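**Student:** Line by line, the protein sequences are chains A and B. Quick note on numbering: the numbering used here labels position 55 of the first sequence as 242, and the sequence is numbered without any gaps. Quick note on numbering: the numbering used here labels position 187 of the second sequence as 243, and the sequence is numbered without any gaps.
I should point out that these hints are in silico values taken from the structure, not numbers from a laboratory. Please note that a few of the clues may not be correct.
[Claimed, not checked] Quick partial rundown of chain A residues pointing at chain B, CB under 10 Å, derived from the structure:
{"id": "1", "residue": "S197"}
{"id": "2", "residue": "R243"}
{"id": "3", "residue": "P245"}
{"id": "4", "residue": "P249"}
{"id": "5", "residue": "G251"}
{"id": "6", "residue": "H276"}
{"id": "7", "residue": "L277"}
{"id": "8", "residue": "H294"}
{"id": "9", "residue": "R303"}
{"id": "10", "residue": "L305"}
{"id": "11", "residue": "P308"}
{"id": "12", "residue": "V314"}
{"id": "13", "residue": "C315"}
{"id": "14", "residue": "H318"}
{"id": "15", "residue": "A322"}
[To be verified] Coverage of chain B stretches by chain A, computed from C-beta distances (three or more under 8 Å per stretch; other residues unrestricted):
{"id": "16", "region": "211-218"}
{"id": "17", "region": "295-304"}
{"id": "18", "region": "327-333"}
[To be verified] Simulated DEER-style distance windows between Cβ atoms:
{"id": "19", "chain 1": "B", "residue 1": "Q354", "chain 2": "A", "residue 2": "R319", "range": "46 to 54 Å"}
{"id": "20", "chain 1": "B", "residue 1": "N219", "chain 2": "A", "residue 2": "F223", "range": "42 to 50 Å"}
{"id": "21", "chain 1": "B", "residue 1": "S320", "chain 2": "A", "residue 2": "G214", "range": "29 to 37 Å"}
{"id": "22", "chain 1": "B", "residue 1": "G119", "chain 2": "A", "residue 2": "K229", "range": "38 to 46 Å"}
{"id": "23", "chain 1": "A", "residue 1": "T310", "chain 2": "B", "residue 2": "N107", "range": "54 to 62 Å"}
Just so you know, these numbers come straight off a predicted model, no measurement behind them. A virtual CB, placed ideally from N, CA and C, is assigned to each residue, including glycine.
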Amino acid sequence: MPKGHGGEESWRKEGNGRRRFLRWIGGGLLGLIALFFGSMVKRKLYRLKSEQHPVRLPLDLPQGVTFHEDIIINRDGNSYRTMSARCNHLGCIVDRKEGEHLVCPCHGSRYSLDGRVLNGPATHDLVCLHHRINAKEKSLIIEPPA
Amino acid sequence: MNRPPNQKPSFIKGFFNSWAYLFPPPGLLTHAALFLAIGSGIALSFVYDVNRPFDSLQVLALGNQGGIFIRAVHYWSSQLFLVLAAFHVIDQLSKNGELEVSRGLWVRVSFIVPLVLFLMISGFILKGDRGGILARQVLEGLLGTLPAGGDILRFLFLGSPHNFQLIFIHHVATTTLFVLIFTLEHDGRIWPEWRSVVYVTACSMILSSLRTPVLRPEGLEIYVKGPWYFVGLQEMLHWASRPGWILVLGGAVFFVLCVLPLASERVSKALKRFMTGVFLAYLGMSVVGWFFRGGDWQRVVPWGGP
């Protein structure tokens, strides 16, 4: 270490420069790690989304409302209405029928049996899901939400 | 930093004076409760199965009196930790405790509040019963309301929707570790004070022998109440068509808490009044949700029967 007043000052200056350099390197490394981490999480999210498959259910469902995981099927004769059971307020699964209403268990939003919102806090209807009927297999194939 | 450090409103002053006469300070008790919750949690983690959370707790409840007791101690020590931490915060804010630590430490200490809330709700979710599953759905939904990065945050906090692995890791490791580090740092000691340990352990054990926490299987109730400390939030969400604003309010309270030491005396008083107002409104909402809300989300009166 250089001795004397001027020596100490130049040493301090060098130290400050070194510290600033290390701070830049550290910040850059942290940024790189964050970037890698972000891309890893994004890829995982994409994979999770692409894992969703169509749901197959038998055609001989009971008349009226049936709950199946996060799907609601309302059968009227031979016509089917398929909806996502996720409440449009915060995404809770609507899995109860009370009289002529569907009720969200989390915050009490009410929907009609065909998914129209009747009472808040939800402000939108339940999302309709596309379905097709496979007559040969006697099954109802419901597409996952987009 | 020129505010006088000791100006308590008389009611709070009286309350904490009586407290000091009967018990160790809330901060020391909180420290002890944290250790007891961690110890009982470690014991519980050996039998907990992230792939079958509800079943593993059911098996524990059916076959093992010791296991039931440890789970109850974990539950009650966590509840005590939350309540005592709330008392500690009120005590410290009422005597301008934010001025007695460095600003950096105060910010880290402030982070304990959201971390503890996450610790509590993740514990509730990990039960894997109907209440836990719905709480998870609500938390996922709330994070999803964030305008940017909601999906990523949801995944970072709760992991894959098909299992409880990441929530478990956050509960037993990540969040607990941060809470422990920040607590030990601001407390200035590692091991809890022995008198506080005796108080908290005795209290948890008495409560555990009086009441065991219940598991609620699927398919029983229409309206599932959240944990008592989030019934107020549940009630607020019932009235909020745009739940993102509740997050904004929570974020504002947290921000105010972080910047308190920077404020002048007048501004600090106003900010504390704002936080007190939010806290009292939340208590009011909790009372409404707890006593005046019945099955199927109908309004009821507690003395009116079903």
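**Student:** If a hint holds in the structure, say so; if it does not, say that too.
**Tutor:** Taking the hints in turn, this is what the structure says about them:
1. S197: This interface hint is violated because 31 Å lies over the 10 Å limit.
2. R243: violated, 19 Å
3. P245: Because about 22 Å separates P245 (chain A) from the closest Cβ in chain B, which is outside the 10 Å limit, the hint is violated.
4. P249: This interface hint is violated because 17 Å lies over the 10 Å limit.
5. G251: With Cβ-Cβ at 18 Å, over 10 Å, it is violated.
6. H276: OK, holds: H276 (chain A) within 10 Å of chain B, min 7 Å.
7. L277: Since the shortest Cβ distance to chain B is 3 Å, the answer is holds.
8. H294: holds, 4 Å
9. R303: Since chain B brings no Cβ nearer than about 16 Å to R303 (chain A), farther than 10 Å, the hint is violated.
10. L305: With a closest approach of 12 Å, the L305 (chain A) hint is violated.
11. P308: holds, 5 Å
12. V314: Cβ of V314 (chain A) sits 14 Å from chain B, so the hint is violated.
13. C315: Violated, because the Cβ-Cβ distance from C315 (chain A) to chain B comes to roughly 20 Å (cut-off 10 Å).
14. H318: violated, 22 Å
15. A322: violated, 32 Å
16. 211-218: holds (count 4)
17. 295-304: holds (count 4)
18. 327-333: That given contact is violated, which follows from only 0 residues of the region 327-333 of chain B lying within Cβ reach (below 8 Å) of chain A.
19. B:Q354 - A:R319: 46 to 54 Å: Roughly 40 Å apart at Cβ, these two residues miss the hinted range, so it is violated.
20. B:N219 - A:F223: 42 to 50 Å: violated, 24 Å
21. B:S320 - A:G214: 29 to 37 Å: holds, 33 Å
22. B:G119 - A:K229: 38 to 46 Å: holds, 43 Å
23. A:T310 - B:N107: 54 to 62 Å: Since T310 (chain A) and N107 (chain B) have Cβ atoms about 37 Å apart, the given range 54 to 62 Å is violated.
Going down the numbered hints, you'll see the structure goes against 1, 2, 3, 4, 5, 9, 10, 12, 13, 14, 15, 18, 19, 20, 23, while the others check out.
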